[in-house]
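Using the sequences and the accompanying hints, generate a full structural model.
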Amino acid sequence: MSDNDRLRQARRPQQISSSLHKFYRGKMETVPKCAVRTLDDFSIWYSPGVAAPCIDIHKNPQLVYDFTSKWNTVAVVSDGSRVLGLGDIGPKAGLPVMEGKALLYKYLGGVDAVPITLDTKDPDEIIRTVLLLQPAFGGINLEDIEQPKCFRILDTLRREAEIPVWHDDQQGTATVTLAALLNALKLTGRRIEDSSIAFIGSGAANVACARLIFGRGADPAACYMVDSRGILGSHREDIRARSLEFAEKWRLCEITNGAGRRGGIAEAMKDVDVVVSLSKPEPGTIAADWVRSMRKDPIVFACANPTPEIWPWEAAEAGAAVVATGRSDFPNQVNNSVCFPAIFRGALDVRARTITDEMCFTAAEALAAAVADQLSPERIIPTMEDREIFPFVAAEVGLKAQEQGVAQLSIDRETLLRSATEMIERSHRLTGMMLENGFIAPPEEEL
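Everything in the sequence shown is counted per the working numbering, starting at 107 for the first residue and increasing by one.
These are computed hints drawn from the structure, not numbers from a lab. Keep in mind that a hint or two might mislead.
In silico SDA-like pairs for lysine to any residue, Cα to Cα no more than 20 Å straight-line [as the list claims (entries may be wrong)]:
(1) Lys128 / Ile150
(2) Lys255 / Arg346
(3) Lys139 / Arg118
(4) Lys176 / Met134
(5) Lys139 / Pro412
(6) Lys292 / Glu484
(7) Lys133 / Gly538
(8) Lys255 / Lys292
(9) Lys227 / Glu268
(10) Lys227 / Leu209
(11) Lys386 / Ala372
(12) Lys139 / Glu252
(13) Lys255 / Ser334
(14) Lys165 / Lys176
(15) Lys198 / Leu126
(16) Lys292 / Gln480
(17) Lys128 / Phe545
(18) Lys402 / Ser482
(19) Lys255 / Leu237
(20) Lys139 / Lys128
On a predicted model such as this, the values are computed, not experimentally measured, just so you know.
Put into structure tokens, the structure is as follows:
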């Protein structure tokens, strides 16, 4: 395939997306899950019969998980301030992404999700709103919220909420990146403890990637982080002056870049083993010559969306042994979609109060192990088509939550695996049945 053919193929999803979104007028709808045979049934589902479960829940609040959909429902909450690689486009323009997230939750995890975009950028209002919403939901997925406020919002809600709160741009991206990295290191004969990594971009996603990768054993002093002004380090007085506001970023200035490097992306990538890039979504952000300056058999994760910082074929031609992007139309898609539906499936099934870093480590290791017998430079992580992965990861996460004492239910591995499999398969069958029977119209354009 020529480079022009590759470019045409890469651009097609964006070219047809708007017309298909207009055709369907959204991606999710609400349908009943209880039997309605005649209107008389409403005397059970609504007044007067519904008073009975209301009274029962009032006496024992935990029964809300047994009598309502709370046990399997997640709110996808965003202020639209950092949507994909598009920036601050606002809550209305961000709604298609949140609907897409809800679709992934349902199809891949069997989890019901409700997109909620907030007309405020005030972190205190976002925190208060989520806390006010939590009686109706089993969990909260924060999405596309700009830094630095996203760190405070997540940390506060993880501390104060009674249900799990997860920021997918942080924890989801970090989990799937760690999973892919573990296998890429294995393929190239490296140990994480001995590897030097350049993190290109210092937004919420890469800050979280660094935190989880360091937590798994990488040496921060041997690693480099780059923002729009250059390599982070103790020399960055601009960040020191705002260290209270950018606490996470200043912490990284203090623990990374032990060699005291200065400069930009080119200088950060020189003689490193791995580059993890979540920065400007534009080919050319990373130059082929910078890949050539890395150590032998380098690993290149160019994961900006909707387009990578360097086209994967260009990175490979420059010597990269393993290349990954955030896109499904290239090999090695490092994308949250292979982890967050399963992680929440597992957390909801054991009624976890939070999602810990250890649960993320467990999910990453399960994802990496799932392709161990198929490992190759173009197969370092499962794809969304590997349907058996989702219940497997869910069960492992549920077990880890119990081990850590953050689960409210005690369920064995076999039961967790069977339940998750049934929930996810039901979503697939339901979508297929609706297509076959015309309840979902065939698209006007070929997907």
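Each hint, compared with the structure:
1. Lys128 / Ile150: 38 Å, violated
2. Lys255 / Arg346: 17 Å, holds
3. Lys139 / Arg118: This hinted pair is violated, its Cα atoms lying about 36 Å apart.
4. Lys176 / Met134: Within the cut-off at roughly 18 Å; holds.
5. Lys139 / Pro412: 36 Å, violated
6. Lys292 / Glu484: 13 Å, holds
7. Lys133 / Gly538: 15 Å, holds
8. Lys255 / Lys292: 36 Å, violated
9. Lys227 / Glu268: Roughly 23 Å between the alpha carbons, so the hint for Lys227 and Glu268 is violated.
10. Lys227 / Leu209: The hint is violated at about 25 Å.
11. Lys386 / Ala372: This hinted pair holds, its Cα atoms lying about 15 Å apart.
12. Lys139 / Glu252: 36 Å, violated
13. Lys255 / Ser334: Status holds; Cα separation ~18 Å.
14. Lys165 / Lys176: Distance ~17 Å between Lys165 and Lys176 Cα, so the pair holds.
15. Lys198 / Leu126: 18 Å, holds
16. Lys292 / Gln480: Given pair Lys292, Gln480 holds - Cα atoms ~13 Å apart, limit 20 Å.
17. Lys128 / Phe545: OK: Lys128 and Phe545 at ~17 Å, within 20 Å.
18. Lys402 / Ser482: With a Cα-Cα distance of about 17 Å, the restraint between Lys402 and Ser482 holds, given a limit of 20 Å.
19. Lys255 / Leu237: The hint holds at about 17 Å.
20. Lys139 / Lys128: Cα-Cα ~27 Å, so violated.
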